[in-house]
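Please model the entire structure based on the sequences and the hints provided.
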Amino acid sequence: MNFKISDLILALICAFLGSIKGLLVSHVKSLGPIEIFGLRSLGAVSFILPIVVFRNYRLWYDYKCNMILLLRSIIGNIAVCSYYFGFVYLPIAEASLLFYSTPIFTVFIGCMFLNEKCGVAEVVSIFFSILGIVLVTIPDFTFDTPRDSVSTFKGVAGSIIGAIAQAAALAIVRKITFVPPSVVSFWWSLVGILFSGTLSSIQFEHSRLWQCGLETWCILLIAVVGFISELCLVAALKSTDAVIVSIALTSEILWAFVLQIYVNHEIPHLLCIIGGVCIVFSISLPPASYMFSKKGEYEIDDESGEKKVIT
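Numbering (this note's numbering), first residue to last: 4 to 314.
Each hint should be verified, as a subset may be incorrect.
Here are the simulated lysine-lysine pairs, DSS-like style, with alpha carbons at most 30 angstroms apart [claimed, not checked]:
| no. | residue 1 | residue 2 |
| --- | --- | --- |
| 1 | Lys-178 | Lys-241 |
| 2 | Lys-67 | Lys-178 |
| 3 | Lys-241 | Lys-67 |
| 4 | Lys-32 | Lys-157 |
Keep in mind the hints are simulated off the structure, nothing from the lab.
If you're wondering where the values come from, they're calculated on a predicted model, not measured in any experiment.
Below, the structure is given as structure tokens:
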């Protein structure tokens, strides 16, 4: 298994920024999830384009690479747009819990298409991830907030669809590790503008402009935070297996709970706390196994870029 400490840190930063982004999305009431996603993509293009021009990055590769970039962009946009449905229609902690069943799907996709090995640590970690998610969703949803059945269905369906799409997107990025993260993010954001524009034009609800004041700042910050988190995610996947990155990303659940409690002033029940402990354990187990195992050999990249085999 390929593992790099700096990539794990980038994944954890991406998870923290993801929870911040979820909080910002939940505070935008005048726009739907598709419009929010479209504005986020537009803002990301505005930030990434100067980097691409200044660094003179290539945007066009061979046919196979371009198709992979396009496929990753489409699937990634489906993942994030679906996740925004969870943020809009559910409390951010509930949306994060449902969305971060991603490691379950990532393991299967990574094993099937990337020939990644799934060891005992990954299996145990996934078990505790599932256990944590089950604990916080039984007997009812985590937070007792007023909602209707249609909104709940939209939020749950969006989060689960986003989880499956995110797992596929993580696996695809591992196929194009030679492409700079800024270029991958640029493709993602550019396709996101077209994707959200198409959905906005065919949806039944009429599009509206956001309200001035707090929502304007939320929209701007969503673009900035989303841009930084996307770069961190793509950079983390360059030399670390998708399974490890997806497990590290589940730490967003814990940040979402903190924000839900201290910002939205909603207290979880005891099962949520136990589930959170299970999730923390699931996050910390794989890297601890890599660093302290004496029975297996693992490839770890040092800061100079050279691979070292630890026995």
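For each hint, the structure was consulted:
Of the pairs offered as hints, the one joining Lys-178 and Lys-241 holds, with about 9 angstroms between alpha carbons and a cut-off of 30 angstroms not exceeded. Our distance criterion of 30 angstroms between C-alpha atoms is met by Lys-67 and Lys-178, whose separation comes to about 11 angstroms. Of the pairs offered as hints, the one joining Lys-241 and Lys-67 holds, with about 18 angstroms between alpha carbons and a cut-off of 30 angstroms not exceeded. Among the hinted pairs, Lys-32 with Lys-157 is consistent with the structure: their alpha-carbon atoms are about 16 angstroms apart, no more than 30 angstroms.
Of the numbered hints listed earlier, not one is contradicted by the structure.
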